[in-house]
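K.L.:
As given, the protein sequences belong to chains A and E, one line each in that order. Numbering follows the working numbering, with no gaps: position 17 of the first sequence is 263. Numbering follows the working numbering, with no gaps: position 15 of the second sequence is 378.
Just so you know, these hints were derived from the structure itself, not from any lab. By construction, the Cβ of each residue, glycine as well, lies at the ideal position given by its N, Cα and C atoms. A hint or two may mislead.
Quick list of in silico lysine-lysine cross-link-like pairs, PhoX-like style, CA-CA up to 20 angstroms [said to hold, decoys possible]:
(1) K339/A <-> K558/A
(2) K367/E <-> K512/A
(3) K339/A <-> K450/A
(4) K660/A <-> K429/E
(5) K345/A <-> K450/A
(6) K603/A <-> K660/A
(7) K450/A <-> K460/A
(8) K429/E <-> K339/A
(9) K431/E <-> K367/E
(10) K429/E <-> K367/E
(11) K345/A <-> K509/A
(12) K450/A <-> K558/A
(13) K512/A <-> K429/E
(14) K431/E <-> K603/A
(15) K460/A <-> K339/A
Negatives, chain A to chain E, calculated, CB over 10 angstroms [unchecked claim]:
(16) L274
(17) E277
(18) R284
(19) T301
(20) T327
(21) L328
(22) V375
(23) I463
(24) L470
(25) Q525
(26) P602
(27) L689
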Amino acid sequence: MTLALAIILVVVLSSAALGVYAGRRQPLSLENWTVGGRRFGVLLIWLLMAGEIYTTFTFLGASGWAYSRGAPTYYIPIYGTLAYVISFFILPKLWRIGKQRGLHTQPDFFVAAYGSRTLGVLVALIGIVSIVPYLQLQLKGLGLIVEVAGGGAVSPEVAISVSFVLTCAFVYTSGLRGSAWVAVIKDVLMIAAVGIVGIGVPLKYFGGYGKMFKALIAQYPGHLVFPGATPSLDVWWVMSTALLTGAGFYMWPHMVGSAFSAKSEKVLRRNAVIMPFYQIPIVLVFMVGLTAFLVLPGLKNGDMAFLTLVQKSYPAWFLGFVGAAGAVTAMVPASVLVLFASTLLAKNVYQGAFNPKADERTVLRLSRAMVLIIMTLALVFALLFPSALVNLLLIGYDGVSQFFPGMVLGLFWKRVRTAGVLAGLIAGFALVVGLVFTGHDPLFGLNAGFVALVVNMALAVGISLFSKRSSMSGVV
Amino acid sequence: MKKKIRWSLVLGAIPFLTLVFALPFVNRIEPVILGFPFVLFWIVLWILLTPPILYAAYRLEMRRDKDKAGERP
Chain A
247 MTLALAIILV
257 VVLSSAALGV
267 YAGRRQPLSL
277 ENWTVGGRRF
287 GVLLIWLLMA
297 GEIYTTFTFL
307 GASGWAYSRG
317 APTYYIPIYG
327 TLAYVISFFI
337 LPKLWRIGKQ
347 RGLHTQPDFF
357 VAAYGSRTLG
367 VLVALIGIVS
377 IVPYLQLQLK
387 GLGLIVEVAG
397 GGAVSPEVAI
407 SVSFVLTCAF
417 VYTSGLRGSA
427 WVAVIKDVLM
437 IAAVGIVGIG
447 VPLKYFGGYG
457 KMFKALIAQY
467 PGHLVFPGAT
477 PSLDVWWVMS
487 TALLTGAGFY
497 MWPHMVGSAF
507 SAKSEKVLRR
517 NAVIMPFYQI
527 PIVLVFMVGL
537 TAFLVLPGLK
547 NGDMAFLTLV
557 QKSYPAWFLG
567 FVGAAGAVTA
577 MVPASVLVLF
587 ASTLLAKNVY
597 QGAFNPKADE
607 RTVLRLSRAM
617 VLIIMTLALV
627 FALLFPSALV
637 NLLLIGYDGV
647 SQFFPGMVLG
657 LFWKRVRTAG
667 VLAGLIAGFA
677 LVVGLVFTGH
687 DPLFGLNAGF
697 VALVVNMALA
707 VGISLFSKRS
717 SMSGVV
Chain E
364 MKKKIRWSLV
374 LGAIPFLTLV
384 FALPFVNRIE
394 PVILGFPFVL
404 FWIVLWILLT
414 PPILYAAYRL
424 EMRRDKDKAG
434 ERP
């Protein structure tokens with residue numbers, strides 16, 4: 247066994263062990279398993295939420311985009327920052343309602359705010375359809391990272407299967423608390439890896455950022471301003487995409503669920519204040535992609551830029567360290583994604599649509615069983631049909647962003663009506679699917695999901711205004 | 364009671380103005396600042412300024428919560 251491989255194995259195994267240990271002294275209940283008993287303080291919430299925004303996409307996708315597309319990539323730290331600003335204003339109230347009414351999931355909130363089980367089931371289904379491809383992407387990224395970092399000694403299939411078993415183990419036993427604890431290891435490794443490579447690589451090849459930018463400006467000035475290398479991704483695309491994904495970030499079911507796990511509103515507000523700093527490592531990742539653009543021109547797959555450059559520039563053991571960081575970086579978001587997809591399926595689809603009388607023990611048992619089933623599904627797709635879900639992945643972010651009007655209006659506007667939100671959501675989601683699958687994204691230079699969100703919001707507000715003023719069992 | 368402007372929301376609008384709506388006006392390389400092309404420098408600057416802005420909003424919200432709690436009998 248190579249040293250690199252040994253490092254990856256030790257890190258991954260000890261992370262999973264910590265995850266299992268995390269839930270050892272917590273009595274098993276739906277409240278503890280899904281939202282950590284609502285007891286997470288500033289530190290755990292920070293680690294968990296940071297753990298969720300940094301996925302394998304950070305390593306591979308952001309550097310890959312900086313490499314192959316250039317400036318449009320700047321939208322990533324922008325949308326993260328906007329997402330935290332939005333969270334500052336919406337999460338405290340959402341948390342309070344969650345606490346008062348004992349909510350565990352995002353569809354729970356829709357049922358509470360609009361008194362409509364149909365809406366709850368619809369939100370749950372759109373949520374699951376968006377989560378599964380995202381989960382598969384994490385497994386796929388992990389396979390790629392371990393394959394390269396291990397020097398080809400481990401096939402991606404083996405790496406994916408091992409991480410699958412380990413992730414299932416700590417989600418099954420510890421629930422969200424397990425993910426939060428593993429996120430401790432993940433965040434430390436990830437920041438270290440990105441910091442070392444992001445600062446080290448431009449230094450090694452150019453003697454610093456300034457000189458790297460100087461070389462880029464001299465040779466490819468267009469790469470550094472919008473639209474970069476892709477004419478259809480001009481500044482309007484960047485603006486609309488930053489707004490859409492910024493609005494959509496906390497609309498992911500697993501992000502709403504994680505917000506419920508906070509100890510108090512104050513914890514969420516404080517978290518929102520400090521989190522934008524956490525966008526800076528993404529800028530470091532850009533530096534790696536931009537360095538690769540100059541040093542390793544002509545890579546077929548831009549997503550390989552980060553790993554190829556690390557391989558070229560560092561000794562094998564360091565590659566193992568990056569591989570370990572990459573593997574845990576996939577496992578933490580994967581664990582949270584699968585946890586909430588399972589709870590959505592058990593609580594909001596099974597109990598919500600088919601068996602409203604199911605008691606909490608049954609829902610918990612079913613949720614935990616669903617972990618295995620959903621992970622297996624993602625595993626099968628990742629191994630047998632690696633490209634089958636690519637289309638679904640395209641609509642994931644655009645899809646969950648369509649929950650935004652329902653969430654925000656439900657929280658802050660007394661006059662909002664169920665019919666408006668339902669019509670907006672259906673129209674918005676249909677528009678996303680239609681535009682993306684017919685190749686109309688971007689539409690008129692704007693992100694198609696953003697266009698859908700505008701239509702969605704207009705319908706939700708318009709129909710609510712034209713409905714009769716009547717008493718409603720809302721939460722406002 | 365007169366409805367007061369919620370200043371925390373005004374503060375929250377600043378990152379949207381600078382990081383989204385200002386982008387067409389800052390989309391250039393020159394002047395290079397601290398080695399960064401101008402547009403990237405602008406973005407990094409406002410990301411770093413967002414936490415202090417949100418901290419000010421945090422203080423305002425805390426005071427608002429306190430006032431509200433005081434109004435209740």
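K.L.:
Now tell me, hint by hint, if it's right for this structure.
P.N.:
Against the structure, the hints come out as follows:
Distance hint between K339/A and K558/A is unfulfilled; the C-alpha atoms sit about 49 angstroms from each other, more than 20 angstroms. Simply put, K367/E and K512/A have alpha-carbon atoms about 23 angstroms apart, too far for the 20 angstroms limit, and the pair is violated. For the hint pairing K339/A with K450/A, the CA-to-CA distance comes to about 48 angstroms; that exceeds 20 angstroms, so the pair is violated. With a C-alpha separation of about 24 angstroms, the suggested pairing of K660/A with K429/E is violated against the 20 angstroms cut-off.
The straight-line distance between the Cα atoms of K345/A and K450/A is roughly 51 angstroms, outside the 20 angstroms bound, and the hint therefore fails. For the given pair, K603/A sits about 30 angstroms from K660/A by alpha-carbon distance, which is inconsistent with the 20 angstroms threshold. For the hint pairing K450/A with K460/A, the CA-to-CA distance comes to about 15 angstroms; that is within 20 angstroms, so the pair holds. Annotation: proposed proximity of K429/E to K339/A holds, straight-line Cα distance about 16 angstroms (limit 20 angstroms).
Note on K431/E and K367/E: the hinted pairing holds, with a Cα-Cα distance of about 13 angstroms set against a maximum of 20 angstroms. For the given pair, K429/E sits about 16 angstroms from K367/E by alpha-carbon distance, which is consistent with the 20 angstroms threshold. The straight-line distance between the Cα atoms of K345/A and K509/A is roughly 10 angstroms, inside the 20 angstroms bound, and the hint therefore holds. In summary, the hint linking K450/A to K558/A is supported, as the alpha carbons are separated by about 11 angstroms, within the 20 angstroms threshold.
This hinted pair checks out: K512/A and K429/E have alpha carbons roughly 13 angstroms apart, not beyond 20 angstroms. At roughly 40 angstroms between alpha-carbon atoms, K431/E and K603/A are farther apart than 20 angstroms, so this suggested pair is violated. Simply put, K460/A and K339/A have alpha-carbon atoms about 47 angstroms apart, too far for the 20 angstroms limit, and the pair is violated. Consistency note on L274/A: stated as away from chain E, and its beta-carbon is indeed over 10 angstroms from all of that chain's, at 35 angstroms minimum.
Residue-level check passed: E277/A sits 26 angstroms from the nearest beta carbon of chain E, beyond 10 angstroms. Even its closest Cβ contact with chain E, about 19 angstroms, leaves R284/A beyond 10 angstroms, as expected for a residue assigned away from the interface. With a cut of 10 angstroms on Cβ distances, T301/A stays outside the contact zone with chain E, its closest approach being about 19 angstroms. With a least beta-carbon separation of about 5 angstroms from chain E, T327/A fails to lie farther than 10 angstroms from that chain, contradicting its non-interface assignment.
Residue placement check: L328/A does not keep its beta carbon more than 10 angstroms from all beta carbons of chain E (closest about 6 angstroms). The Cβ of V375/A sits about 29 angstroms from the closest Cβ of chain E, beyond the 10 angstroms cut-off, so the non-interface label holds. With a minimum CB-CB distance of about 6 angstroms to chain E, I463/A fails to clear the 10 angstroms threshold, and the non-interface call is violated. The Cβ of L470/A does not lie farther than 10 angstroms from every Cβ of chain E; its closest approach is about 4 angstroms, which violates its non-interface assignment.
Non-interface status of Q525/A relative to chain E is broken: a Cβ of that chain comes within 10 angstroms, the nearest being about 5 angstroms off. Non-interface status of P602/A relative to chain E is upheld: no Cβ of that chain comes within 10 angstroms, the nearest being about 36 angstroms off. Every CB of chain E lies more than 10 angstroms from the CB of L689/A, the least distance being 18 angstroms, so the non-interface label holds.
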